[in-house]
Structure formats: C-alpha cells, structure tokens
Amino acid sequence: MTTYLFPVGFPLGLTYEPGGDVTTANAAVRIGDDFRDMSPGEYRIWLTAFTVQNRAQLEASSAEQGITDAPVVIDALLGLGLLTTLDTEAPDLPTRLAALRLVSLGIGLGNNAEQPGDWYIGGQDLQPRARVNFDVYTVWALSHRRTIQAACAEITEDGDDPLAVARNIVDNLPVLLGAFCAYLEPAA
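Under the numbering used here, the first residue of the sequence shown is numbered 74, with each subsequent residue one higher.
To be clear, the hints were calculated from the coordinates, so they are not data collected in a lab.
Treat the hints with care, as some may be off.
What the hints assert, rightly or not - What follows is a set of in silico ranges between Cβ atoms, one per label pair, in the way DEER data are often shown:
1) Asn185 to Ala149: 40 to 46 Å
2) Ser112 to Asp231: 49 to 55 Å
3) Ala214 to Leu236: 19 to 25 Å
4) Gly232 to Val176: 26 to 32 Å
Bear in mind the structure is a predicted one, so any value in this text is a computation, not a measurement.
Every residue, glycine too, gets a C-beta built ideally from N, C-alpha and C.
All chains should be built: construct the whole structure from the sequences, respecting the hints.
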C-alpha cells in the first residue's frame, strides 16, 4: 500500500502590503476559482509537499526547516483541500481521481530512438525536467480533460485494467509535481 500526500492548487507566492513591514507577508494559492491566503510558514509546508511523497516526509522536512507545528498545519491544509492523500490500493482511488484534475505545465519533448519507452517533459529551455512512461505522458497531455480519472479511462485500451493505469499515474505524480511539470486542481 502506497499512500501519497499531494498539494492541490497553484502557488502565487508571498505578498507584501505597499509601505508595510517587510517582515510581514502573506502567501496565496489559487485552488480552482478561489484564492486562499496562508501564512509564510503554512505556505512553506504546502510548497514542500511538491517535493516529498508522504506525510512523514513532509513532517520531517518541515522539522528540518524549523517548523514545529507541521502536523497541525498539515491537518488544517488537508481540511481546506489544499493537500490531498491518494492511496494506490484504496478501493475509492477512481472516485478520488474523479475529483481531481491534472494541469500540465512545461513542454512535451516526446521520446527518443535510444529509449523509446521514456517520454520527456521539459521547460522553456527544452531541457528535460521529467521522464515518464507513455501512459503518464498521455494523461499529462490530456490535462484538458475534466478529471484525472476521465483521462485514465480514455487511454485504457481493451484488455487493460483501468485501475492499473490509475495507479501508474498516481505513482508518477511525485515526478510531475516535483519537477513542476504539473499541478493538481479540484475537478470543476
């Protein structure tokens, strides 16, 4: 059983009031059509969730950064829908993926003749940031679909197990999110 912890929303950064105290900042995240404010510490925990895979890693990384209230903040962010958990063995995985949309960032670079099974996503410099398999690349490319589950169902061929495709996508979300080649949004 693999239970992942993922951030939901798009980071907007720290904000300071004009003429205000330079030590006083808020942070903002866009989640769907809504904007959520958070403290710099909350924002740092939320941003760190892009580069870790589970709650224990997020708590440990936060502690290394001197954040002592990470467990409380993580619970609050989960309650606000700014973090989500996905368990690849849970029977409700398809339902959970039907509530999320993968939004692609970056540039599709395709594959190459030397390793045709590896597909690459890069940045504006056209250098690879993420290497994924064909199914993950295709779901990333289909991010205009309403949900991750809809994209998974679309690429499932006759005889393929849709749940296996969904698990593959979830297992590769840390690569996509960690390289900032994608982010998660609530499904509309």
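Here is how each hint holds up against the structure:
no., hint, in the structure
1, Asn185 to Ala149: 40 to 46 Å, "44 Å, holds"
2, Ser112 to Asp231: 49 to 55 Å, "50 Å, holds"
3, Ala214 to Leu236: 19 to 25 Å, "21 Å, holds"
4, Gly232 to Val176: 26 to 32 Å, "30 Å, holds"
In terms of the numbered hints stated before, the structure departs from none.
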